[in-house]
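**Student:** Sequence:
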Amino acid sequence: MLSIVAVAMVFPLVFSVCSALKPLDELFRFPPRVFPQHVTLDNFSDLMVTMSQSWVPFMRYLTNTVFITLAGTFGHVVIASMAAFVLAKYDFPGGRAFFDLVVTALMFSGYVTGIPNYIIMSRLKMIDTYWAVILPAFAAPVGLFLMKQFMEGLPTALIEAAHLDGAGEFRIFWEIVMPNVKPAWLTIIIFSVQNLWNTNAATVIYSEEKKTLVYALQQIQAGGVARAGQAAAVTVIIMLVPVTIFILSQRQILETMASSGLKD
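Taken in order, the sequence shown gives residues 1 to 264; the numbers are from our numbering.
Any given hint might turn out to be false.
Once the Cα atoms are required to be at most 30 Å apart in a straight line, the calculated DSBU-like pairs of lysine-lysine come out as [claimed, not checked]:
no. : residue 1 : residue 2
1   : Lys182    : Lys89
2   : Lys125    : Lys211
3   : Lys210    : Lys125
Calculated from the structure, these hints are not laboratory results.
Starting from the given sequences, assemble the full structure and let the hints guide the process.
**Tutor:** Structure (structure tokens):
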């Protein structure tokens, strides 16, 4: 049974890669075949030609995406970790209610917060800037939830001993807590990179020179039947980074998920 589920989950990935390696005539062959008869990289080369014809260079789209991804991920890890440390190791009025609010936020899709995010960014005069995408990423609830659950497993005696040695809160956080929750923040990095790398950002960024790589690729993907091969190549390129990161870091993800679901 598990083998069937595994095959069902891997099949879309394999089919996407195989479609990107097919010549255009094989993409429309009926009945369809999973594996290409004649492997070709023409779809990828045609995609590069199409991108080079845009008045905004390909590297500009890529640079925008890399900056948004790195800045948003760094801020998210730092803010989520600091907030989780306070919620996990300190009792204060309203702490439990605040965490319940975070758990509730996990039930809602990012589309639900689209309008509130736009209103806030508009009032902050950040529409059509990178920060309209980066700042909301700082407050993603999944990172805070995972970090808080993981930090609760840290021995409180370790922190108390550091206090007795004269260590301040920031030193305890950076030198004791963060190294001990490495699987958790690595998992958060993976989730954040996946989310930001795949962001379209078209609702808050209007200038073409500030748009992301995914936006540019999706415009090519919407080019109709004539660009079906390029659309298949686009799918592979978009999923390449998230899939690679997950494969390299799946052990940390599994360790974090197990720790966040187990309590003494």
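**Student:** Hint by hint, say whether it matches the structure.
**Tutor:** Structure-based check of each hint:
{"no.": "1", "hint": "Lys182 - Lys89", "verdict": "holds (17 Å)"}
{"no.": "2", "hint": "Lys125 - Lys211", "verdict": "holds (18 Å)"}
{"no.": "3", "hint": "Lys210 - Lys125", "verdict": "holds (16 Å)"}
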